[in-house]
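Asks: Now for the letters of each chain:
Protein chains: 4
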Amino acid sequence: MSASLCRRALAEAVGSVALVAVVVGSGIQATELSRDVGVQLLANSLATVFGLGVLIALLGPVSGAHFNPLVTLAAWFKGRRADEGFPLRDVAAYVPAQISGAIAGAVLADAMFGKPLVQWSTRDRSAGHLLLGEIVATSGLILLIFGLARVGRTHLAPVAVASYIGAAYWFTSSTSFANPAVTIGRAFTGTFAGIAPASVAPFVAAQAVGAVLGLALMAALFGPEAPPQDETSPEQAESELAAPAVP
Amino acid sequence: MSASLCRRALAEAVGSVALVAVVVGSGIQATELSRDVGVQLLANSLATVFGLGVLIALLGPVSGAHFNPLVTLAAWFKGRRADEGFPLRDVAAYVPAQISGAIAGAVLADAMFGKPLVQWSTRDRSAGHLLLGEIVATSGLILLIFGLARVGRTHLAPVAVASYIGAAYWFTSSTSFANPAVTIGRAFTGTFAGIAPASVAPFVAAQAVGAVLGLALMAALFGPEAPPQDETSPEQAESELAAPAVP
Amino acid sequence: MSASLCRRALAEAVGSVALVAVVVGSGIQATELSRDVGVQLLANSLATVFGLGVLIALLGPVSGAHFNPLVTLAAWFKGRRADEGFPLRDVAAYVPAQISGAIAGAVLADAMFGKPLVQWSTRDRSAGHLLLGEIVATSGLILLIFGLARVGRTHLAPVAVASYIGAAYWFTSSTSFANPAVTIGRAFTGTFAGIAPASVAPFVAAQAVGAVLGLALMAALFGPEAPPQDETSPEQAESELAAPAVP
Amino acid sequence: MSASLCRRALAEAVGSVALVAVVVGSGIQATELSRDVGVQLLANSLATVFGLGVLIALLGPVSGAHFNPLVTLAAWFKGRRADEGFPLRDVAAYVPAQISGAIAGAVLADAMFGKPLVQWSTRDRSAGHLLLGEIVATSGLILLIFGLARVGRTHLAPVAVASYIGAAYWFTSSTSFANPAVTIGRAFTGTFAGIAPASVAPFVAAQAVGAVLGLALMAALFGPEAPPQDETSPEQAESELAAPAVP
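Residue numbers (our numbering), protein chains in the order written: chain A, 1 to 247; chain B, 1 to 247; chain C, 1 to 247; chain D, 1 to 247.
Among the clues, some could well be false.
A pair counts as met if it fits within one copy or between any two copies, since identical chains are not told apart.
[What the hints assert, rightly or not] Keeping only pairs whose Cα atoms sit at most 20 angstroms apart, straight-line, the calculated SDA-like set for lysine to any residue is: (1) 115 - 129; (2) 115 - 127; (3) 115 - 126; (4) 115 - 128.
The hints are simulated quantities; they were obtained by calculation from the structure and are not laboratory data.
Pulled out of the complex, with its shape left as it was, chain A reads as follows (with noise of 0.2 angstroms):
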């Protein structure tokens, strides 16, 4: 493993331990200060947009900032048969990166907080229209992430991206989990984040079904790549999310 390549994982770890203590650590906030539900979401909500758009802007040069192993899943997928696509190297070395560091989020949220470092969620989220929730959050963030490459857009994926999910807190009856790591992360947690143990491999399995779909979505909508030629060509733009920026 190169020193870019651990540096990189260093990266996504961190991202996604920030990222999930932003999560988790503003839901207990909210939940400790106000007795409103709706109050508690747009806290919670508002954070998360917060936290997410400013780990995209430092952590994308660094490794795209994926925090998501469906993320960093498509982009293997997309770039399979391109040379310069993303080796499953380098997915080995994200996927664990980001789950440990999730549950590390997790943990830290509540040791910020003094509650139990561990303690398993019961907060059942096993609903069937809580799946198709999922399917449609993480059909939307594959579409958006990729979508934003291909319409040369890539700068504004901070803002895009957190604004995403800003929304789908709220339009989705799954407040949009749509991340693997992130959901694994919240069952570590007895907190208005947290999710059962038991309703994990569901939300997986739906957003799994959700970045299939997303992707289908975006070859109708923004048709076949054309072979990367110049320097300003989409293509060059989204390899931005995947490849190093800092030497």
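Use these hints to put chains B, C and D onto chain A, whose structure you have.
Replies: Frame of chain A; chains B, C and D shown alone:
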């Protein structure tokens, strides 16, 4: 119908599905979580700001991101005498895509929250002052969209149009539907964001009046359009709203 | 009066109508939907942030987007010795447009919500510490608007000025009117955002003191202005605030 | 002390006055208007996001917009071996300006709301998990500020740093003071945002630990800094944080 127009109409349909799913879905989530209607509308409006901005950023380069028959008609009207205007054939493809997408978006939101897929809204919105609200809301929207092109700031459209709708949710008495397709779609849901079918026609009529007013206001504020001259003229920028940027 | 000054004064009038309609209208909507005054002011301030930012982005290139007699007077004062300064003739056109627009905006908001079109506010705002709030609010606004030009960041004005007002709603005791035209307009509505006519004159006087203080603070912070030299000098950028960019 | 350093120290003082006035003032307003502490912190955090972003946009080009002794010290530490680093003499001017400004900001906020000008806070914030919150908050802040420079995105600092603080209000248990000057200033007000004098020293110590951790994290994530080479190197961009851009 060329493949390109197909893809653009698909983008209008997908964008309209997503827009109405965001509006209706976040309305359901908000009413399930809070009993303070102010908090509900805060959540509903912020989710719409986040979602609409993302949709315009992502799909603007494909179809112009109209998602609104009156925007499409205004684009045709403004370019009706120009060689490179927005042709009637495109209007005939966009408008049905927008309306059917909007209906599908309401059904999707209901499905995500385990509600009956179609349930006519019983929310009467027929008071006269609400129609004045729609006139104001739509005139401002049209003035903004086409005015941004006149001042060469089309690149601000995602954040500006989304912000405008966020303000108009609150400052107009009708909470700013400002869109016939969205209005029709919202008649299909018996939830927070619904509108009784009997209120749809007056709303759409008021919106049409507002669109005409908006075009008049634009002419008064920005003066007659100069003939296109060079690559960086405002007219060029404006055409980005209607022309596909993805090959 | 040249056609160009006509159109610029019209832009000031339309912008002032819209600004006060946003402030007053969102205040009415908020009080109708929530009984928590904190939620009401959250909605009121967020709607104003969204609306004001849009107005500056759209109308800035036409008239400078002052919407505020003290900004217009400060523009004249700062350029009074320069050949290309903001002339007194323009002040004489802008200020009446701003004041009449602001009054019309209050009437329009009342009309949209089915309220009496004109009703003097009974909301007393005469406490001394509120006047200190207005001094602080206005000095910060003037410092920001003209300071952004000094550091060559006029392009940030839409989001920066709107954000400033969003903060000032909360951190000043007076909720930051900071604008004589808006203050006069808000006397015409008996709703949430109103101000008793007897409180108008002290508010305007405090705002004038704040404007002078803001100009003094700007001189202290940014030093004497260098003579204009080339196309990209800060002075050039600053002139965008006052000069029409639309032919 | 050169005139230039004078002006930069003044900018640090004025910015610190404004920052603490925003934090304390919006806290007072929020507690006067709502009894839901969640709504209070929403208002407090959003006002801070808006205000801090504006201050960095306006004063960044003058002084670097530190407003924070730990940021100033970290700037000195990072550049201590470089010819163009941030000199100790500037540290000696910045830090007193920041602390006295922060105290003045608390007094100003109290004055605007008709409170006693100085009243020691009785709000105990000594629980151990709050100190962990401060360590996390400050390490993230330092990582962000200097990391943005490493990835060449210093132009995003106003929105990114403000957004970070908006998230950290919620996801850290301490509501993210993350700033010794602000912490000292907030001890002078007996209101919502206050901190008991006895809690100040532990908070500042935790912040110092966080700053060291943030610098270590930055080295791990972004690797050793390359020697400066050309005009567009990240080091150049970084220096914008410390060097005056206004002549």
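Asks: Are any of the numbered hints broken by this structure? If so, which, sorted upward?
Replies: none
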